[in-house]
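Visitor: Start from chain Z and add chain H according to the hints.
The listed protein sequences derive, respectively, from chains Z and H. Using the numbering used here, the first residue of the first sequence is number 4, and each one after it goes up by one. Using the numbering used here, the first residue of the second sequence is number 29, and each one after it goes up by one.
Hints are computed from structural coordinates only; laboratory data are not their basis. Every clue listed holds true.
Derived BS3-like pairs: lysine-lysine, alpha-carbon spacing no greater than 25 Å straight-line:
no.: 1; chain 1: H; residue 1: K104; chain 2: H; residue 2: K278
no.: 2; chain 1: Z; residue 1: K160; chain 2: Z; residue 2: K150
no.: 3; chain 1: Z; residue 1: K22; chain 2: Z; residue 2: K10
no.: 4; chain 1: Z; residue 1: K111; chain 2: Z; residue 2: K150
no.: 5; chain 1: H; residue 1: K278; chain 2: Z; residue 2: K111
no.: 6; chain 1: H; residue 1: K98; chain 2: Z; residue 2: K160
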Amino acid sequence: MLSDEGKPDCLRCLKGGFKCLGYERERLWRIATTAPVSEKANSVPQDNNEYVVASSQKLVPSRSQLPAPPQEMSLVAFQENIYHSFMFANHVWRSQGYLWLEPAAAGKLGQLSLDATKALSQANFGRSYHQSTIEVQGIGLYGQCLKTLAGNLASVKPNPNLLIPILVLLTHSVRIILQLESAVFRTSLT
Amino acid sequence: MQGSQSDLTGSVFHMRGLARLLHMCGPTAFQEQPLLNAFEAARAIMVIGALIGKQRLFLDAEQWRTVPWKLNTLFKTPQSELIDILVMIPGILHDHASLGTSSSLDDPSFRTLLERVQTQLVILYKWRWGWHIRYGHEVVFETVNQLPPSSTFRFNNQLHFSRFVLASELMLYNAILIWLLALLYKIDPIGAISHVEACAIAAMPTDDTRRRDETFAPLHQPGATTTLRDAALEICQTFEWVSRHHERSKESTFLYLFPVGMAMAVLQDDSVSMTWIRALLDVSPVTASYSQGSNQTRFGFYLNSEPLAPERIQPQGTAQLFSRQDMQQLGT
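The following block holds chain H by itself, in its conformation from the complex:
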């Protein structure tokens, strides 16, 4: 473990270095390419570190979610918008952990926390509607009567995407949805389903005609499902297509395997699904090692149910991205 600790420390060291550099340079320093793209990659990596450590990231401030794209708003992609939502979650996890398990909805802090999750869920559902209206026609599904034996296909409905980036966006959407749904169930288990429905209604387009005519099938319309499992399976069905089209990944995908890790965390007790996911990862030698053996490290965090039960874990030492001193210096 000696080596592993030092290597992990090395990664944390680099992430702290990234945080300090970004903090010192400010958001205006990353408005031009390729630095803007590098900033987005750094932000995505740091969000993962912050989720692991349940530490608020200074990048959740409004200026860090707007200023880097101000010179050219076209660089703000649907993927960037999703990471804008994801970057808010570590702060919610942090505050949830600090409230303790004895708090109830009578506590104003607890209610505020619930509202923060609902706000992000409405933004996420609005994103999904917008994405569907713009790109829904680029996702088609084909029904096959008989699946080939010993294949990586599982369902008769197979998704097809006209562009790789759409598949990666849909997977990331579902990964974020898993986090937000899990938080709703943690904060208010009894009222969670009604909160989901309320958020879905709030996010619907105001145009009634459009709302009525749109069909999401076989994908899930916002609010149509309230289970983590459905979101996880949608990730897997999408990754089924991705696993056959890795070579098409010509555009930026900052969190390539993160959604699959989230799906594995949700489906870890479902041996059929786990076998299916591993088969999909094994399609490519690049991703094969992520599913088993030593490279499980990457998914070690997600493979547990703890990320979906945040109060159970108390990260210590190297698992935390920032020290107390770092947090003070970064103003979080």
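This is chain Z alone, in the form it adopts within the complex:
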């Protein structure tokens, strides 16, 4: 039922037993552009009555005011960043690897550490969001890291820097264990 815009109360409110709140509505400004929002663009336009709002009205922040990529833009280039970001949202892992997990993910601790964090973050993301292709890719990368690690461990001189990739890979394998239905330790200990 449309409002008859009667004053002080419209017919619709009278019938429904509501308090009529009038006809003035706050206008929401939504910026649907990918370009960075400038000061000017963020201000109330003054050139057209159709868009001018009363000075007492405020611009209400809404999610769509944030710069967002257009739908046709691919996020492939940011995949690894997204996986890593999701991995660091895990406060248990983040605090366990406080001084080395982030440098490892940034490639500052060697290629094997970087690949190990990629494997962990990708498999974790895929599993958490039920994206089996992504998860399998992560597990595949984990397998490649294992081969590289085995080769490095076979060298005559022990390299203490291998400690970090092993820790990351261990986190990965524990993550897999956590998916299992059976309590392995419990069954093997009782």
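Guide: Just chain H now, with coordinates in the frame of chain Z:
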């Protein structure tokens, strides 16, 4: 189970790899950051494996508890000191298991074992006193008259910590206390309480004024409680705060959920407490899965009473971190 066995084997494989690497490189190789921090993380993980397998860990040797921090002693945190104590427990469990249940305190080996537990308990209580003197003022409690319905709060006394790391240290302290108290009750059930009191007295600061003026309430002063349940509840009360402040975990916490697992092991027959702990774990999606369903694996070991009754279990196969050959190579 095929997959689970291979995955478990994968974890054990990595832990053995860690052990060999540490053993071959020696403690001096991990004196600089970030390798020192990685070493501490590796040590914490391996302690859990060694507790499960009841196998002595070579990291309990004096050099592994001192040399990595020698270049910069400031890196030795209260948490590191606690893990220094925890790392001694697998060896005690191993020796306790090898003595058998028929041994009594008349047996010198049994008495030696008891003294080893008492030594660690005194060190732990001294740590607690030192921690209280340095950081006690950063823990406050608030009494609320009425708890909000269906909340994760259980007690009217609610703890507040100025820093996340303090909460994690207090939880780890109580987890280690549970192990040591359980061992005392196993080795000498009749004399356990008097041993606890003796250890608490031995650990007290020598300064009488300080001793008299200090108040631990609502937390427990060393020796003030002799039950595993009290230690477990203190973990839960602390985790109640932690569960609302996960985002503050900016510093190293090597055994984030281990204390909660220990508390669950102690309180497993208390349905009210278990419901409360699960509600606390469910606050965060990261920890939610640890409390139920498939992820119980992580706590499967702790959920049983066996860790508190070490003589009942005889780990075999993949549950053991090291093979006999590993133990020989690692010199343990």
